[in-house]
Every structure is written in C-alpha cells, then in structure tokens.
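Single-letter residue listing:
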Amino acid sequence: MLGRSVIEVANLRKAYGSTVAVDDASFEVREGEIFGLIGPNGAGKTTTMECVEGIRRPDGGRITVLGLEPYKSPYELQHRIGVQLQQAQLQKRIKVWEAVDLWSSLYPRPLDGDELLEQLGLADKRGAWFMTLSGGQKQRLFIALALINDPEVVFLDELTTGLDPQARRKIWSLVTGIRDRGKTVFLTTHLMEEAERLCDRVAIIEHGRVIEIDAPTALVEQHCPERSVVFTADASPPAGLDSIEGIESVSVEGFTYRLEGRGEDFVTRVIHHLSASDIHVRDLRTVLPTLEDVFLKLTGHGIRD
Amino acid sequence: MLKGLLKLTWVEIKIFVREPMGVIGTVGIPVVLFLVLGKTLGKKMADSGAPPTVLSSGLAIFASIFIAVGSVLSLVAIISIYREGGILKRLRATPLRPQIILSAHVIVKLIFTAVTIGLFILAGRRYFPLDLEGSAFSFGAALLITTISIMAIGFVIASAVPTARFAQPIGSVILYPMLVVSGLFFPIELLPTAWQTAANLLPLTHAVSLLKGIWSGGAWSDHLVELGALTLNFVICIALSAKIFRWE
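Heads up: the protein sequence lines correspond to chains A and B, in order.
Take the first sequence: its position 200, counting from 1, is numbered 200 in this note's numbering, and each next residue is one higher.
Take the second sequence: its position 108, counting from 1, is numbered 108 in this note's numbering, and each next residue is one higher.
Chain B on its own, in the form it takes in the complex (with noise of 0.2 Å):
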C-alpha cells in the first residue's frame, strides 16, 4: 500500500504542477508580492528606525498561517471537486484505501506549503531579517502540527459542503474570521472578555499562539495547553469527518 501512497503522492503532485493558475495563485502571487513588498518598503522600513509592527517581527507567523490556512483551502477544493467529478469514487474502486486517497492529497498540500514558506524566507530574507529566536526545526514542527490540525477543519468543511462551487468560499468564510480574533493581528488581550473566552476555544487562536511562542524560542513544555488544544480539535474534526463524508 505504501507503494500506492507514494504513486498516487507524486502523481498528484505532478498534476498539480501542470495546473498553471494552481501554482502562480498558492506559490507565484504570495511569493512575488511578498518580494515587490520588500523592495518598496523593507529598505525604509530598516532606515526609520520604527519600532517592529505587524509586518516586520511577525511576519513569518504571519505569512506561515496564512500559507497554511491557503493550502487547506486549497485542499478542500481539490476533494470536492475530486468528489463531484467522481474521480474520489474511481480511486475508491480500487484496492487503495479511503485513507491512502486522501493522505496523498494531505501530502502534496504539506509539500507546497513548505515550499511555499521556503520560498517566502529566501525571498524575504534580504529585506526582512528574520528574527527567528527558537530553532527552525521546532518552528517547522510547530507548523506542521498547527497545518495538519486546520486540514482536519478542512476536512469537516469538504465533508460537510455538497458541492464544489461552494465548498471554497464557505471554507474562507469559516477559517478566515477565526484568524481574525485568533491573536494575529493584535493582541486578544484588547478584546471584550467574552470575545476573549470565544477567541480561546478556537483552534486558530491556539495555532498562532504556539507559532509565536516557539518562534521567540520558547519551550515545547510551556505550549501544552496550545498542544493539547490542536490535538483536540484534530480528533475531533477527523472523527466527524469520517462519519459524515461522502465519496460521491
């Protein structure tokens, strides 16, 4: 079976390859953005002497979740469209199990996201030095729980959404607004108290937090409850995920 993961793995990524607007939309656009960004302002940035915002020190959290939240998207279109045009049911048909199929999808989307962000960091390098104080090793770790943790929302989301028209955009509405409160761009601390209470049972808000903390070199050990948080939810998504999806 390990020999379907790996065939099905790399004839993904090749197909997602010879997707042009795949590739320009989730690798190209960020990266080159991120690039003319840095040329405009990275330079005056370094020159005034401001105090680091949003934009320099958190950047690399910033665009890590950002990327991860854009890959799980991704993934949710691709199951849904792979569901509606029959093709889950084909693979399905086959002696691959249900598992392989969609780890294989999970696969390629961890890949790109760690090409893209790779691409980010070598990219950016010139005009945002990186501030990285934990070591890179667990700061990747700590993205590839927080990522996997988001794919098992995405998983729900591709479950729960029929069709594959709107199974995308119901994926931002939902994801998109948890990063909002979820401690990115500003503190929760500055929120309502029952904002507060809401922001904290989110798994969002958890991800950020233990990116931050492992990027300012903290231990594993003082991120427990953000562990045990995206843990939880990654239980529970996958459980009720397998029970509501359907192949076709």
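The shape of chain A in the complex, shown without the other chains (with noise of 0.2 Å):
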C-alpha cells in the first residue's frame, strides 16, 4: 500500500543568476513508490533533485523530506537518504571495497558492504580501480554507495544515461529490487521508457514548471486514448470495417490494414469483428501509445528535441 508522503514539495523555485532553472515545481513523493521526475535535458530535473537532497539551496518554495527541511538539516537528512548524483565521479584510483568501506565509515549502521557488492554482480570488481570499471559498473557502484546506509529514500539522477541496454536493463530490475525492500525510489530520467518500466507515478518537467503528475498509464489513457490495430489478411479485404464502433480511420497498404480508433475496448472490438468476418489473418498487433506521444502532446515537442 502507498502510505503517507515522504517528500513534500511546493512551489520550488531554484535560478542560476537570470536563468531560472526551476520556476514552479510542486510534487509529492509516496512512501514506497518508484516515483520519476521526466523531462528533457535541461529542463530542471537535476537541480529539483539537488535541492530536495539538501545539496542545493532554493531561491523560494517549500521543501520537506521525512519530516525534515533539507537544506537546514542536510547532515540529519543524509543519513537517512542515499544519493546517486548525475555524472559523479569517484577518486581514479580508489578501489571498489575502499569505497564502500569509506562509505560504510560515516553512518552508524551501515549493510554489508561485501553483500552489497554480491547483489550487485560486483563481488569480483572488489579489489579494481575505479577507473577500470566499465559505466554500467560505476553506476552499479554508485548504487551501492547510496544503499550502503540502509536509507528510506533513495535519490537516483540520470542512472542509466550512456549505458548501452543490456546494462541499462541490469540497472532497472535492480532498481524494482529497491522498491521491493520497501523503499522509496525518486529518480529523474529522460527515457521515456525508462519512467514508463519503472516508476510507479511521474511528473512531467518542462521549463522547470511540473506539467503533470499520474501513473504513466493513467497519463496515456487520459491524454493519447488512440489506439491503432495493424493486420495483415489473405486476399479479399474484410467487409464493414468502417462500422467498427470507435473507429476514425482505416488506412490499406497491399494487404495490410491499419485501423485508428479511440476508446478501451477498440482493440477488442476490432478482434470480435476479425473473428466474425472469417477471414484468415496473418498477423496481427497493437500500436498503444506511449510516454513519449504524451509527452508530444502535452509540449508539443519531443522529449530529443
């Protein structure tokens, strides 16, 4: 069940000399929840991020993070929070068990580190540097270093930028881990697939103002409720297509059909009418929309733009 909220934020308002970075934000994290702040490069994600863990201090806006006020109670607050910031780096040389013990040094009750390192396929990077380790590795470490204190929140910024997607696939079953040990997840992304696996609920950033606050299918439905089903069939064209209830458009290429509706139950409508036709289909699958077209519609451009 998702309880009370552990992060609390309203009005943030964050500028770097003229350039306001972060004009409007307001949102609340959920005790439990994979929550994700998405946006385009620039759009004020990191700098929400940095502020609500203390590290940045706003211009205006409240902030509360279990129960506390950031940027008054930063040292109070880092222990009960892990951190993962965006492009961090680590000593060159420093070594892998060197940094999680040294991390393991500054809080009262540290995890295992060398479990930790297990869980994460890190056990036999142990003794490397970390300029040896590969980017999906650093992240993996950085990982562990924002879990080492058993934190309730655990901030993640940008995880899996770089990482090709095998690791980045690694990185999102170990992020759902989190969540499973019953801890709150804030992450910021700009892959929309990525906040469409993981979170549970996002907000959408653009201009520093959140534009939208729901579950990412809850925001598909209500935004792009368009559906398309693409078949192929043999031979003579199936009749009455046109009459399918919800339908808007049928568009035919040789022998394959794409039909665009709206509406939950189209794509069922549209199988209950393959069926009755009887005709044999070749092939057939669904085109929903994604993140991605709500992101389109509600900014009116690309999140890569």
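Think of the hints as simulated: they come from the structure by calculation, not from any bench.
In the BS3-like style, the derived pairs of lysine-lysine whose C-alpha atoms are separated by at most 27 Å in a straight line are: (1) B:K7 <-> A:K125; (2) A:K92 <-> B:K7; (3) A:K125 <-> A:K170.
Listed next, with one range per pair, are the computed distances between beta-carbon atoms: (4) B:T231 <-> A:H207: 48 to 58 Å; (5) A:G300 <-> B:P162: 29 to 39 Å; (6) A:R13 <-> B:P162: 17 to 27 Å; (7) A:E115 <-> B:L6: 16 to 26 Å; (8) B:T163 <-> A:L66: 32 to 42 Å; (9) B:I244 <-> A:D150: 29 to 39 Å; (10) B:P162 <-> A:D283: 52 to 62 Å; (11) B:F185 <-> A:D150: 57 to 67 Å; (12) B:E248 <-> A:G61: 13 to 23 Å.
Just so it is clear, the structure is predicted and the values come from calculations on it, not from any experiment.
Note that beta-carbon positions come from the ideal geometry of N, C-alpha and C, so glycine has one too.
With the hints as a guide, dock the two chains, each given alone in a separate frame, to form the complex.
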C-alpha cells in the first residue's frame, strides 16, 4: 500500500543568475513508490532533485523530506537518504571495496558492504580501481554507495544515461528490487521507456514547471486514448471495418490494414469483428501510445528535441 | 566524524601512492636530485673551505620551503581536479562535513611534506652537514605553521580558479615570485625601499624569516611578528576561500 508522503515539494524555485532552472515545481512522493521526474535535458530535473537532497539551496518554495527541511538539516537528512548523483565520479584510483568501506564508516548502522557488492554483481570487482570500471559497473557501485546506509529514500539521477541496453536492463531490475525492499525511490530520467518500465508515478517537468503528475498508464489513457490495430489478411478484404465502434480511420497497404480508433474497448471490438468476418489473419498487432506520445502532446515537441 | 576523517585520509594516502607520477614528482625526483648534487658538489665544497653559500647553510630552509610550496601547489591541483570531476560534490552528498573533506587533503599533504623533508635530511646528511642550531622539534613546528599558512593561500587559489588545467600554473605564478623576494635567495635589505615594504607584506617573507630564525636557534618570542603575520594570513585566506569556494 502506498502510504504517507515522504517528500513534499511546494512551489520550488531556483535560478542561477538570470537563468531560471526551476520555476514553480510542486509534487509529493509517497512511501514505497518509485517516483520519476521526467522531462528533456535542461528542464530542471537535476536542480529540483539536488534541492530535495539538500545539496542546493532553493530560492523559494517549501521542501520537506522525511519531515526535515533539507537545506537546514543536511547532515541529519544524509543519514536517512541514499544519493546517486548525475555524472558523479570517484577518485580514479580508489578501489571498489575502499569506496564501500569509506562510505560504511560514515553511517552508524551500515549494511554489509560485501553482501551489497555481491547483490549488485560487483563481487569480482572488489579490488578494481574505479577508473577501470565500465559505465554500468560505475553506476552499480554508485547504487551500492547510495544503499550502504539502508536509507529510507533513494535518489537516482539519470541513472542509465550513457549505458548500453543490456546494462540498462540490469540496472532497471536493481531499481525495482530497491522498491521491493520497501524503500521509496525518487528518480529522474529523460528516457520515456525507462519511466514507463520503472515508475509507479511520474511528474512531467518542462521549463522548470511540473505540468502533469500521474501513473504512466493513467497519463497515456487520459492524454492519448488513440489505439491502432495493424493486421495482415489473406486475399479478400474484410467488409464493414468502417462500422466498428470508435474507429476513426482505415488505411490499406497491400494486404496490410491499419485501423485507428479510440476507447478502451477498441482493440477488443476489432478482434471480435475480424473473427466474425471469418477471414484468415496472418499477423496482428496493436500499437498503443506511449509516455513519449503523451509528452509530445503536452509540450508540442519530442523529448529529445 | 573522526572515523570518517581517518578513513578518508588513509584512502587518499593510498590513492596518492598509486599514482606513480605523483610520488616520483613530489618525493622521488627532489631526493634523487639532491643526492646527485651532494655527490658531485658536496665534497668539493667541503674541501675548498669556501664560505657557506646558500647551498650549504641555507639549504635546509631552502629545501623545506620549496617542498612546502610544492605541496600546496599539488593540493591546489587535487582540489581543482576533484571539483571538476564531481568527486567533491559526491563526497558532499554524505554526512561528511565539508571541513572534514578538505582537512583530509591537508593532512595528506602535510604527511608527504614531512616524509619528503625527512628523506632529504637523511639523504643529504653525508654531504651537507646540518648546521641546525635550534631544536629539530621547534623547526618542525615552525615548518608546520608555515606550511598551513601557505596552504590557506592555496585554498584561495583553488577557490578562485575554476578549472583544473589552470589551477596549478596560476598557483605557481602567484607563489614562486613571492619566494624570490622573500629573503630566501638574498637579504631583503638589498631590495629598493618600496620593494622592501612590499616584501614585508607578503606571507612568504615572514615564513622564511621565521624558519631562518628558529633554525639558527632563535627564541619563539623573537618572532612574534612573523607568527602574527602568518596567523593573519591564515585567517584572512580561510575566511576568503570559505566565501568564494565552490564545490562544483
């Protein structure tokens, strides 16, 4: 069950000189969920997160994390949260075990470092220098450091940026594992696929403003109700496609038909219609809108523009 | 927090030793050069009975202050590199207090300064008799005070110069000319009056004067001006760098 809110942000504002990084951001993160702050690069994700972590001083607004005000009690807060920073580095020649050992020494009740390295698949890299690790291994080490104090909330900033798909998938399963241990995860990403896979709820941020917050599926349903069914039939075209309830367009290319419509039941109706028409369907797939489409619709541009 | 400081200091020592160029450059090369110099010149100088020159009598002070300045410059470089690489920021997102993080680096530099100077004394003993008249302990204390005061200048440089590439060169440009007029190479009295005044305002001049005095057996109470100047320099520089220091 999703419980009390562990992070509350209200009207957060932060500017660097005359550049406004975060204009007016409000959201809350609830206990036990994976919450994603999503948006293009430069939207204010990292600034927002660093204000919440207590390493940046907000210009305005109110932030509470686990009942604490981050910038006022950063050290108290650091004991209870775990942080992975975007593009962070460690000393080139620090060994993996030394980093874990150093971090362990900073907290009163650290987890077992070796066990953590084992769980993150870094056991055989214990003695390796940081500079010799691959991108994915570095990120897994940063996850280990973020978890070493058994934190209540874990912050992950652009965790998989620059990783290859395989390493990314591995990290994703680690992140869901963190939630399954009862932790709250607050992450930022500009990868919509990542947000869709991982997040229970997302906040879409653009130009320093939060423009929408909800579960990814709910956002898709609300903003992009379009559904498409694409199928390939043998020979004779099925009749009466136009009469399917909710249908908006039919396009044909050779023997491949693309039906576009809207509504929860659209796909079911198409299937019923096809089976009733008694034709031979060689291939059928549905195309559902994604968070990427939601983003496009809400902002008028793609996330990578 | 003490545990964190000790752990961080120990890790930084290990990391420093793992960087071959760092160790060779700051400890190895000076000591080897010194040995070569001693082997070729030391005996000749002793035989010739020539009056003590900067190389013999002032050598310990000369070496000490150069090693101290070298340490400060490498501290400046490390701080800049750590900042540019986001390492400082990563360390800061922990319960570690910023002062602890910087103190660990200062301690590491002090340790290596002491090690290098110790090696110098051991290596040079055969060729250059130490004419230490004061106590070794006092001289060590004077050197510690001096080094810490110069390190405070290093922090200002590290705070003011944002990129790692320029931090060390700019540090050299600031510190080495200060050494030239500090009385280390020639007495300050040889300078024009205006220059003398300027030299007396520079912290390194007081550092050299303190080291020379303590070396030749002077009492601490005769060097209150130098101690005051070095303390003032420390306070001003630390206050200034606390104001302008950036973690990223």
